[in-house]
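*Asks:* In UniProt numbering, the protein residues as written are 1 to 492.
Don't take each hint at face value.
Claimed, not checked - Simulated DEER-style distance windows between Cβ atoms:
#	residue 1	residue 2	range
1	S250	E43	49 to 57 Å
2	C143	Q486	45 to 53 Å
3	E150	P398	35 to 43 Å
4	E299	Y4	29 to 37 Å
5	K295	I347	45 to 53 Å
What the hints assert, rightly or not - Below 30 Å or equal to it, Euclidean Cα-Cα: the simulated DSSO-like pairs (lysine-lysine) are:
#	residue 1	residue 2
6	K218	K295
7	K266	K337
8	K310	K246
No lab work stands behind these hints, which were simulated from the structure alone. Quick reminder that beta carbons are idealized off the backbone N, C-alpha and C, glycines included.
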Amino acid sequence: MLEYVMKNDFWVGLKIYFKTMAEMNAREEDLWAAFDKAVMESESPSVGWDSNKFNVSIFMDSWVNAAGFPVIAVNRINGSHVQLSQSRFIVNLTEDNAPKVSANVSQQWYIPLWYKTCTNKEITSLLWLQPNSTVMLAIEDNCWLMFNAEVRSFARLHYDDATWQRLLSGWSSDILSIERSQLISDAFNLALIGSVNYSRPLELVQRLPDEVDAVPWKSAFIGLNYLQDMLFTHPDGHLFFEYVQKILNSAYKADLWNRIEVDDFKLSVFSGKIVEEACGWNVTSCRDVAMEKFKEFMEDCQLSDDGSSKCSKVPALARRRVYCTGIEQKHVTDFEKLWYLCNHESIAIEKENLLYGLSCSKDSDLLLRLLNASLQLDKPCIRRQDVGTLFKFLGNNPVARQIMWKHMKSRWSEYIKKKLKQPLKTMTTEAVRTFNTAAELEELNQFVNEVDGDDNKEIFNNAVKMVAINVHWRNSYAESVIDFVQQALLRP
């Protein structure tokens with residue numbers, strides 16, 4: 001964002017900073033001062049919100065010291081003008097869990113906003129939204145308008161319905177993939193706080209089968225995976241799963257497997273992402289291929305005694321999903337082989353792939369074995385630095401989450417003694433990430449109340465806050481999501 005505002009002055013400022021502060025201790029103010037000096041000495045200085053020379057120190061103070069980040073409301077006043085205003089983006093919380101912000105910390109920002117329209121698609125237009133003020137912008141009535149072009153500013157955009165519908169007309173032809181990704185992310189997050197109905201992001205999801213870039217897919221599945229967690233125990237939660245499967249069935253093609261390792265990086269990443277999600281959401285045709293590749297992998301690595309990076313022929317971007325699909329079948333011999341390979345693997349990323357696969361087991365005894373290994377720390381596959389990663393992987397497995405919850409409640413103090421507080425926090429949040437009923441929140445609170453010592457209780461605070469938000473979400477939004485997917489499943 002700063003680079004876009006300052007242009008060449010940004011790089012000049014960096015040179016001044018490095019030269020001035022070489023071999024010295026530096027504070028953030030020293031960097032801002034170097035940038036300010038670059039602007040003051042420039043023959044064509046950067047211009048700020050007041051049409052004067054850009055003041056970096058004032059600008060960055062609002063971004064560094066203000067809590068959170070802004071959401072910008074775009075409201076169509078009439079056929080010729082829209083009004084922009086800003087507020088802090090914050091997830092709806094209970095009053096007890098609301099974040100405490102110092103009264104003398106500003107909740108407003110100096111926001112540079114680049115925008116484009118249906119008649120001016122080049123990103124040359126810039127306006128400033130200043131603290132405690134609004135901006136009126138003249139527009140063409142039937143023309144789409146998009147702010148935060150190329151996602152240059154750190155802000156979310158909330159368009160009113162009329163402006164949003166016009167924006168969708170340029171979705172595939174004029175809006176860049178990174179912009180589509182951000183619009184999807186904004187839509188899910190605005191729905192999360194109740195600013196828009198969940199129909200907005202879910203309607204965007206229905207456009208995904210025509211999407212050929214991985215970035216919008218990634219943003220969409222961050223939102224969809226959260227909804228899946230929230231609807232996991234809902235009586236009609238299977239309808240949401242079927243809805244996502246329907247989207248993926250339309251997007252998945254068998255030849256995507258062959259495109260994962262092509263030289264075209266964009267195509268490779270896109271193909272890997274679709275394969276990952278299709279197999280993960282149980283698209284049968286995808287899982288059949290994954291199982292065949294897992295069998296081939298086991299044969300290729302049968303005699304390996306030094307890990308799998310040298311013997312695995314599975315495309316690199318598909319290895320986690322292939323290993324996971326194979327281990328889900330509950331074959332103990334396959335688990336033992338992956339465990340052996342993981343303990344003998346020297347390449348970090350491949351060891352992580354193998355650990356991901358192991359975390360997908362549906363066998364309670366094998367999952368408990370992984371959890372016990374996270375305390376024993378006597379195997380190369382799960383070292384001290386791998387414990388948090390293991391818990392994140394296990395959090396994707398419904399069977400593992402239940403076992404983690406029981407394991408954590410009975411053995412949390414051992415993790416503290418071994419100085420594994422941060423991984424313990426991760427295990428707790430992953431174990432309870434689908435908790436979203438009052439009874440489950442009460443169960444968690446009861447456990448925390450029985451923990452000795454305020455310092456130890458603090459470890460579990462984030463999990464309690466997360467579940468409180470989840471309970472609010474289920475009570476407020478679950479039925480609207482179910483209603484939407486029910487109607488969507490009826491359509492061809």
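*Asks:* Each of the hints needs a verdict: does it hold here or not?
*Replies:* Cross-check of the supplied hints:
Restraint check, S250 to E43: a C-beta distance of roughly 55 Å satisfies the suggested window 49 to 57 Å. The given range of 45 to 53 Å is broken by C143 and Q486, whose C-beta atoms sit roughly 35 Å from each other. At roughly 39 Å, the beta-carbon separation of E150 and P398 lies within the given 35 to 43 Å, and the hint holds. Hint check: E299 to Y4, Cβ distance near 52 Å, so the stated range 29 to 37 Å is violated.
The supplied range of 45 to 53 Å is broken by K295 and I347, whose beta-carbon atoms lie about 22 Å from each other. Under the criterion of a C-alpha separation no larger than 30 Å, the hint pairing K218 with K295 is consistent with the structure, at around 28 Å. The hinted pair formed by K266 and K337 fails the criterion: a straight-line CA distance of about 33 Å is larger than 30 Å. For the suggested pair K310 and K246, the alpha carbons sit about 37 Å apart, so the restraint of at most 30 Å is broken.
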